[in-house]
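J.: With the hints as extra help, turn the sequences into a complete structure.
Chains as they are written, first to last, in our numbering: chain A, 543 to 656; chain B, 0 to 111.
Don't read these hints as lab results, they were simulated from the structure.
Any given hint could be a false lead.
Straight-line C-alpha distance at most 16 Å; calculated EDC-like pairs for lysine to aspartate or glutamate [what the hints assert, rightly or not]: (1) K59(B) - D83(B); (2) K613(A) - E594(A); (3) K110(B) - E41(B); (4) K76(B) - E14(B); (5) K94(B) - E637(A); (6) K551(A) - E41(B); (7) K599(A) - D83(B).
Quick caveat, the model's predicted, so the values are computed rather than measured.
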Amino acid sequence: NAGVTQTPKFQVLKTGQSMTLQCAQDMNHNSMYWYRQDPGMGLRLIYYSASEGTTDKGEVPNGYNVSRLNKREFSLRLESAAPSQTSVYFCASSEQGSSTDTQYFGPGTRLTVL
Amino acid sequence: GDSVTQMEGPVTLSEEAFLTINCTYTATGYPSLFWYVQYPGEGLQLLLKATKADDKGSNKGFEATYRKETTSFHLEKGSVQVSDSAVYFCALSVKNNNDMRFGAGTRLTVKP
Chain A
543 NAGVTQTPKF QVLKTGQSMT LQCAQDMNHN SMYWYRQDPG MGLRLIYYSA
593 SEGTTDKGEV PNGYNVSRLN KREFSLRLES AAPSQTSVYF CASSEQGSST
643 DTQYFGPGTR LTVL
Chain B
0 GDSVTQMEGP VTLSEEAFLT INCTYTATGY PSLFWYVQYP GEGLQLLLKA
50 TKADDKGSNK GFEATYRKET TSFHLEKGSV QVSDSAVYFC ALSVKNNNDM
100 RFGAGTRLTV KP
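T.: Have a look at this one:
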């Protein structure tokens, strides 16, 4: 049982390049999330998907797009990377997305934009 | 808006010392409260949670009690170990998981 997996683990981009971060969960969860983690700021929600076929903006969506490919997979795309997007990105999932649910996190992707 | 404020770190303790990490919250509704832990190089994992006032969450020797009167959810452990060295995040969720708010994190280092 792998839980939440993310690829790649590390990535270095030049300003203006694009890339897609991949996330998959094998727990049959309905809700999935993308966060970024910056020093001293905790985690901030970028986008979420409450269920298959739906996506919505979180606190910091600018510069990102997402796709909920199926129930298992939720990808995050940077169309034109900027240095301000240097961060650690975490994908998470939860069973129903209710306020009492536990979120399960992947190991993260460390992204550097030069 | 809904938010969490937690004790700034870093915190350095000797093995077997008592640990308290303070967490207070502001919320318009009735939040669920969580402590997550992040070990080096890993994602966050749930340590414990409480979903209503006066509930006590506990796991691996850690405890936290949901105190509505003081809007607090302080994390405690009676005797820390080197393996407890990690970053600890307090979080709340009011309406649903889509609105989860995390504190800035507190880095704990336990020395032998």
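J.: Now look at each hint and say whether the structure bears it out.
T.: Hints, one by one, checked against the model:
Simply put, K59(B) and D83(B) have alpha-carbon atoms about 10 Å apart, close enough for the 16 Å limit, and the pair holds. Taken as a hint, the K613(A) and E594(A) pair is honoured in the structure, with Cα atoms around 5 Å apart against an allowance of 16 Å. Between the alpha carbons of K110(B) and E41(B) the distance comes to roughly 21 Å, so the proposed pair goes past 16 Å and is violated. A distance of roughly 12 Å separates the Cα atoms of K76(B) and E14(B); the hinted pair therefore holds under the 16 Å criterion.
Distance check on the hinted pair: K94(B) and E637(A) sit about 15 Å apart at the alpha-carbon level, within 16 Å; holds. Between K551(A) and E41(B), the direct Cα distance comes to roughly 11 Å. Compliance with the 16 Å bound is thereby established for this hinted pair. Proximity of K599(A) to D83(B) is assessed by CA-CA distance (about 35 Å); at most 16 Å being required, the pair is judged violated.
Checked against the numbered hints given earlier, this structure breaks hints 3 and 7; the rest are met.
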